[in-house]
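Protein chains: 2
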Amino acid sequence: MAGEMKTTLNGLDVMAATQTIEAIKADKSLARFQFRAKNTWVGGGENRSTIRDFYGAGLEDDSRKVAFEFTNGEPPVLLGNNEGGNPVEYLLHALAGCVTTTFVLHAMARGIEIRSLSTELEGDMDLRGLLGLDDSVSPGYEEIRIRMHVDAACSDEELEDLMRYAEAHSPVCNTVCRPVPVKLSRA
Amino acid sequence: MAGEMKTTLNGLDVMAATQTIEAIKADKSLARFQFRAKNTWVGGGENRSTIRDFYGAGLEDDSRKVAFEFTNGEPPVLLGNNEGGNPVEYLLHALAGCVTTTFVLHAMARGIEIRSLSTELEGDMDLRGLLGLDDSVSPGYEEIRIRMHVDAACSDEELEDLMRYAEAHSPVCNTVCRPVPVKLSRA
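Chains A and B, in that order, are what the protein sequence lines are. Its first residue numbered 1, the first sequence is counted upward by one per residue in this note's numbering. Its first residue numbered 1, the second sequence is counted upward by one per residue in this note's numbering.
Derived by calculation from the structure, the hints in this document are not laboratory data. Fair warning: this is a prediction, and the values are worked out from it, not measured in the lab. Errors might be hidden in some of the hints.
As the list claims (entries may be wrong) - To give a feel for the contact side, a few chain A residues facing chain B, derived at Cβ under 7 Å: (1) V14; (2) M15; (3) I51; (4) P87; (5) S118; (6) L127; (7) Y141; (8) C177; (9) P181.
Said to hold, decoys possible - Lysine-lysine pairs mimicking BS3-like chemistry, simulated, CA-CA at most 30 Å apart: (10) B:K38 with A:K38; (11) A:K183 with B:K183; (12) A:K28 with A:K183.
To be verified - Label pairs and their calculated CB-CB ranges: (13) B:E60 with A:L133: 51 to 59 Å; (14) A:N81 with B:R164: 46 to 54 Å; (15) B:D124 with A:D156: 14 to 22 Å; (16) A:R115 with B:E158: 55 to 63 Å; (17) A:D156 with B:A168: 21 to 29 Å; (18) A:E22 with B:E113: 51 to 59 Å; (19) A:D161 with B:K28: 35 to 43 Å; (20) B:D151 with A:D151: 20 to 28 Å; (21) A:S29 with B:V66: 27 to 35 Å; (22) A:T50 with B:E69: 16 to 24 Å; (23) B:E157 with A:D27: 30 to 38 Å; (24) A:T50 with B:K28: 37 to 45 Å; (25) A:R115 with B:A168: 40 to 48 Å; (26) B:E113 with A:G11: 45 to 53 Å.
A virtual CB, placed ideally from N, CA and C, is assigned to each residue, including glycine.
Work out the full structure: start from the sequences and follow the hints.
This is the structure we're talking about:
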C-alpha cells in the first residue's frame, strides 16, 4: 500500500522531486541539459519548428513519441497572414510558463500550496531596431512586465519572497535578463 | 491591371514593406509595438497561454478573430507528462523563427531571393541553477548555437553578411543576447 502512495503538492510528485534533487547533489553531471529545436522556413514570415529530443539527467530523452510542432507567423501589419503567433509573442509564452513553473516548483519545495496562478505579460519594442532604421534603437524588447495573480496558502510576505525567488531562478527569465551568447553559423 | 499587381520576394509583399518603412520614417511613433500574453497555470509543470491582441503602427490590432493558444509542459524527467513543449524549448522556437524572419526580410530588402532556409538549435543549461543548488550556476541558457542551412541567389559573402545582420537585428536574438529587464509584480 505504502509503495503505491504518491504525495503531490501543486500537481508535482514530491518524492520524485526530492529524488531528483538528491541525485543531482550526488552527481552534478546529471544537471547538464541540452534542449534542441529544428526550424524550417515556409515562406514570408511563416516558419515551423519541430521539437522532440533533448539530453538531460545523463541520457538522451526518448519519452516523446511524436515531435511537438509550432508555427511562427506574422499579422498583416507585419506582412503576414496570422499563420501563427509571432516569435516575440512566443517568447512571452516561454517566459510566462517558465516563471510559473519555477514559482510552483519552489512553492512545493517550501510546502506551500498554490490554489490558482495566472499572469499577464506586456513587452514594448520599437520596430526601427528590426528594420535597421536607427542604430541607436535596440531591436529587442525594451522591457517586459509580468503581473501575477496568485492565490496560495501562505502569507503575503512568503508570496513576495517566492516571486523574487522565481524571478531569479527561472531559466527563461534569466536568459532574458542576462546577456546570453547566441552563435549563428552556417551549416 | 497595374493596381492588382503584387510583387513578392521571399513570400513578402515588396510594396507593402516599402510603404511600412516609409511610413515609419515619416512618423517614428508608428514603430512602437506592444505584444502581450495571458497565461494560466493548469497544474504541475503545465500552463497555457492565450495570445491575440497587440498594439502597433498606431493602433490596437484586431486582425485575429480567435486567440492563439500554446501549452507549456514538462517531460517525465522534469516531473511532467509531456503536456507540451517546455518553456526553454519554446524559447528556442521563438529564437529560430525570429532569426529566420529577420534574415528573409532583409534578404528581400537587398533583392536577394532565398530558395530554402532551415535552422538547428541547441542550448545548454545546468539545472542546479533552476533548483537553487549552487548560487554560482546561472539558471538560464549558458549559450545557444544556431546552425543555418540556406540556399540563396547570392554569393557566400553576401550570405555571411546577411547572417551577421539578422543576428544583430532580430528582436528575439537581441532580447536573449542583451540584458532585458523583466519586472514581475503582483496584480
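Here is how each hint holds up against the structure:
1. V14: It is violated, given that the least Cβ distance between V14 of chain A and chain B is near 10 Å, above 7 Å.
2. M15: violated (11 Å)
3. I51: Given a least distance of 5 Å, the restraint on I51 of chain A holds.
4. P87: holds (4 Å)
5. S118: Where the cut-off is 7 Å and the nearest Cβ of chain B is about 5 Å from S118 of chain A, the hint holds.
6. L127: Holds: closest Cβ of chain B sits about 4 Å from L127 of chain A, inside 7 Å.
7. Y141: holds (5 Å)
8. C177: Because about 5 Å separates C177 of chain A from the closest Cβ in chain B, which is inside the 7 Å limit, the hint holds.
9. P181: With a minimum Cβ separation of about 5 Å from chain B (threshold 7 Å), the hint on P181 of chain A holds.
10. B:K38 with A:K38: Between K38 of chain B and K38 of chain A the Cα gap is close to 26 Å, so the pair holds against 30 Å.
11. A:K183 with B:K183: Holds: K183 of chain A and K183 of chain B sit about 27 Å apart, inside 30 Å.
12. A:K28 with A:K183: holds (26 Å)
13. B:E60 with A:L133: 51 to 59 Å: With Cβ atoms ~23 Å apart, the hint is violated.
14. A:N81 with B:R164: 46 to 54 Å: violated (29 Å)
15. B:D124 with A:D156: 14 to 22 Å: violated (37 Å)
16. A:R115 with B:E158: 55 to 63 Å: holds (57 Å)
17. A:D156 with B:A168: 21 to 29 Å: violated (43 Å)
18. A:E22 with B:E113: 51 to 59 Å: At roughly 56 Å between Cβ atoms, E113 of chain B and E22 of chain A fall inside 51 to 59 Å, so the hint holds.
19. A:D161 with B:K28: 35 to 43 Å: holds (42 Å)
20. B:D151 with A:D151: 20 to 28 Å: Because 53 Å falls outside the window, the suggested range is violated.
21. A:S29 with B:V66: 27 to 35 Å: With a Cβ separation near 45 Å, S29 of chain A and V66 of chain B fall outside 27 to 35 Å, so the hint is violated.
22. A:T50 with B:E69: 16 to 24 Å: Check passed, 19 Å falls within 16 to 24 Å.
23. B:E157 with A:D27: 30 to 38 Å: violated (47 Å)
24. A:T50 with B:K28: 37 to 45 Å: With Cβ atoms ~38 Å apart, the hint holds.
25. A:R115 with B:A168: 40 to 48 Å: holds (45 Å)
26. B:E113 with A:G11: 45 to 53 Å: Roughly 50 Å apart at Cβ, these two residues keep to the hinted range, so it holds.
Hint check: violations occur at hints 1, 2, 13, 14, 15, 17, 20, 21, 23; the rest are consistent with the structure.
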